[in-house]
Amino acid sequence: MTRIELTVDGDRVSDDVEPRMLLVQYLREKLGKTGTVIGCDTSNCGACTVHLDGRSVKSCNVLAVQANGRTVTTIEGLAATAEGDLHPVQESFRECHGLQCGFCTPGMIMQAVDLLAEKPSPTEEEVRLGMEGNLCRCTGYHNIVKSVLHAASSTSGGEQA
Amino acid sequence: MTATQDRPAAEIGRDRRRKEDQRLITGRTRWTDNITLPGMLHLAMVRSPFAHADITSIDVSEAEAAPNVVAVLTGKDFGEELGVCINAWPITPDQKTPTHSPMPADRVAFAGEVVAVVVARSAAEARDAAELVDVDYAERPAVLGIKNALEDSILAHPDLGTNKSALWVFDSAEAGTGGDVEAAIEQARTDGILIEREYRQQRLIPAFMEPRSVVVDPTGEQITMWTATQVPHIVRFALAATTGVPESKIRVIAPDVGGGFGGKLQTTPEEWITWAVARRLGKPAKYTETRSESLMAGHHGRDQVQTLTLAADRDGNVTGFKVHLDADLGAYVALVGGGVPVLGAFMFNAIYKFPSYRFECQTVLTNSTWTDAYRGAGRPEATYAVERMMDELAAEVGVDPLEIRERNWITHEEFPFTTVAGLEYDSGNYEAATARAREVFGYDALRAEQRERRERGDRVQLGIGVSTFTEMCGLAPSRVLGSLDYGAGGWEHASVRMTPLGKVEVVTGTSAHGQGHETAFSQIVADLLGVPFEDVEVLHGDTQVAPKGLDTYGSRSLVVGGEALVRAADKVVEKAKVLAAHLLEASADDLEYAGGRFTVRGTDQGLAIQELATATFAGHNYPDGMELSLDADATYDPVNFNYPHGTHLCAMEVDTETGAVRMRKYTCCDDIGVIINPLIVAGQVHGGLVQGIAQALWEEAVHDESGTLVSGSFVDYLLPTSADTISFDVVHTDQPSVCTTNTLGTKGVGEAGTIASTPAVVNAVVDAVRHLGVDDIQMPCTPERVWRAIHAHDGDAPTPEAAMPHFDEGAPNQDEGAGQ
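Going down the list, the protein sequences come from chains Y and X. Quick note: the first sequence uses numbering that gives the first Met the number 0, first residue 0, plus one each step. Quick note: the second sequence uses numbering that gives the first Met the number 0, first residue 0, plus one each step.
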């Protein structure tokens, strides 16, 4: 067991974890942050995407111990990083019907926030390439791409996580 | 509450943002795997690596000794309480149906089948210990692939004596719905056009994003199962029917469910095993599959060989269509099983007036993952076959593919139309949908560009693909299902309840998993009762809340479940009217109901339905003989399927040097009757399109020669990404063909995109290279297959001279200037 201390969605937390425990397992099993989900076991689907020190990571690809001393933001803490009740990207996904079953949505939103932080005014092509690491089976991506473009156009210079 | 409720704006037809989304975009979700109960145990499955083998012994001692392992159980440890996995649709009376134990004790029939379960205090410990279970197998020869199975030399289930499960036949001459197809074929052979083709519907995997998960809590009078399913009511029925627990002691909950696409229309071994383990140990138990397990052991879809014969006269008027399917069931006959290809039986004639038709479906068993419904279920296969054949006919006659369709389709004046397959299409307008799609697509300009590129000999050729589809949806009239030997009906149930404070609770027997029922059903009820959209709460997916229902599949929820809702809401208004008349001291005949208010004609006196709900709750003043409730139930059994249709047009660019394909444009005009929520409809179409396009271009589940699934992860099974796809033009006709067999006028839309798009894409790819002598490319149309098709007629000549060498033999494998 290894002791880790980190900040998750604004709260300081500390736990003993097995060195092999993945960050996504830590978030779900130890902290009850079940908004972040597991969709595959090969880091293809991106459903588990969170922010680690402000940049998107697939949390199935990070060990919990690697997050020691760092700051994690999940879908559950995202709204608090922006003004208003929802982060503009969350708002955009609802506005543009960018989700159906919603399972991939937390990862999609976290990835989109990171993409827009890097490229505040992306083209459709840039959005499609930037979201390539997140799989969705419901939407055919049409409205996800639209949601990201809508978020870009409705915020000045993109929102920082 | 006021007496001056304004009538809300009409909700039906409005692009309401979804009620569901607030939770989903903020991570406040209840997926089954999120559920944790005190003392809950975790399961890990031990699965067979062999496609066909006898289990000679299982040594569990090492696993049992592992840390925090509570039990290790094998098939031998269970008796009848384990139950069986059922087939609800034996397609013929003599269908061969192997017994499907959730955990066989003696013999496995596909790679991935569960042979033991490890129960531990954590999921990680269960999985660790599963590695320690030592299973000895005696491998048997495995039969894989439809053609091998038909030979019957190796048997998937030796006891059955054959791999052939059932042969299902429809013949229009025998049924009296049309002529003799053999006569039409003979006529065409001598004096017309005969097109004979064999098409392959490759095996696909539904690949919903949420892996399946099940939690069973046996601590309570009712045993509760939470499961990631499309069909909680069917799961409850099958648990009761096969495990000896009465229905009234079983509560099945489908909480948030992350997609299904038919893949969660199943009663699964994993559900049954978790059920048995929780009952055995008396503790809550959870099993969540990994993605690899999901791809390997969750049911697959499609997998047919289609042998097709289309007869026509020299002008391209079709005179007969003969279809023979060989369909791979996999190792077991699943819940719907052979019923999936049989659902296609009625759709191979599609939108056309074929005078004669014969359909045969031979199902076979193999030692591969079982197959069952996947989005469209039977109808994509039918649509693919007929729409590919119509393109071939157009090429043979030498006319535009749209022209050949127009010569054969049912014109809008001819509805209602009884087809050669015996269905009555109530409404449709193929001319209007085609005209609109053509216009939005820019058909003529793209055809001109195609000609120009051909003449120029451009390396990248353009192809245009057409698919004018229809489908039967809204499963289903119960009596029709009965006539097909399906094991259940197709009705749906709904309740509408008025709460004391004037809100509305709607209970539906359908079970949404991404479709947006909470939003669309709220819109319907808001309009029917004249209450605000926000005041309607839709409850579903829990057999204790919604005790009756037949769940969600087959594009049925709105067209069947929505209609049940209409009938229940109508009853609420009727009941409220009696109370309103009493309280307003008026005759019921003098009351008008509009905007949620009963008013006495010619006066300003009135009462809102919310006030009547409160008055009912109080019960202080009501007429003699009135039952003191406004709530109502309704069960609706449809009288017919409904028949949405549309014209899909696709432009594909094909690089003739590399075989790479690129989608340039996709336009579809779907006529789905009255639209409740255009935003949700567009979403359904987009998602459906990509699943159908993915069959055409990317996806294929492949078992190797020993029966191992080699496309068993998302690295190998090519789900499309945002970078692979484009934005679509989704339009509708100005005057939809309203469904005449339900009061809302709606038709199904959940599967339409998938059904229509696959042939549109393949037709486009073939069209791009038809002038090079290509008339077919097997799906998925990978660059290799496209390249091979293009070069099939030039001797398949390799081009070593033209290719750049990777390296010179004997020379260092790096650039000369490297390192300088």
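One thing to keep in mind: the hints can contain errors.
What the hints assert, rightly or not - DSBU-like, lysine-lysine: derived pairs with alpha carbons at most 30 Å apart:
1) LYS118/Y with LYS664/X
2) LYS75/X with LYS352/X
3) LYS502/X with LYS576/X
4) LYS574/X with LYS95/X
5) LYS664/X with LYS29/Y
6) LYS18/X with LYS574/X
To be verified - Sample of chain X residues facing chain Y (criterion: CB under 8 Å; computed from the structure):
7) ARG17
8) ARG27
9) PHE77
10) GLU209
11) VAL256
12) GLY258
13) THR289
14) HIS512
15) LEU538
16) HIS685
17) VAL689
18) THR707
19) SER710
20) VAL714
21) LEU717
The hints are simulated quantities; they were obtained by calculation from the structure and are not laboratory data. Think of the CB as a built atom: it goes at the ideal place given N, C-alpha and C, for glycine as much as any other residue.
Quick rundown of the hints versus the structure:
1. LYS118/Y with LYS664/X: Holds, at roughly 26 Å.
2. LYS75/X with LYS352/X: violated (56 Å)
3. LYS502/X with LYS576/X: With a Cα-Cα distance of about 17 Å, the restraint between LYS502/X and LYS576/X holds, given a limit of 30 Å.
4. LYS574/X with LYS95/X: violated (52 Å)
5. LYS664/X with LYS29/Y: violated (47 Å)
6. LYS18/X with LYS574/X: holds (29 Å)
7. ARG17: holds (7 Å)
8. ARG27: Holds - the Cβ of ARG27/X comes within 8 Å of chain Y, reaching about 7 Å at its closest.
9. PHE77: violated (28 Å)
10. GLU209: holds (4 Å)
11. VAL256: Since the shortest Cβ distance to chain Y is 7 Å, the answer is holds.
12. GLY258: holds (4 Å)
13. THR289: Because about 5 Å separates THR289/X from the closest Cβ in chain Y, which is inside the 8 Å limit, the hint holds.
14. HIS512: holds (6 Å)
15. LEU538: violated (18 Å)
16. HIS685: holds (4 Å)
17. VAL689: Interface hint status for VAL689/X: holds (3 Å vs cutoff 8 Å).
18. THR707: With a minimum Cβ separation of about 17 Å from chain Y (threshold 8 Å), the hint on THR707/X is violated.
19. SER710: Hint violated; SER710/X Cβ to chain Y Cβ min 12 Å, cut 8 Å.
20. VAL714: For VAL714/X, the interface hint holds, since the closest Cβ of chain Y sits about 5 Å away, which is under 8 Å.
21. LEU717: violated (10 Å)
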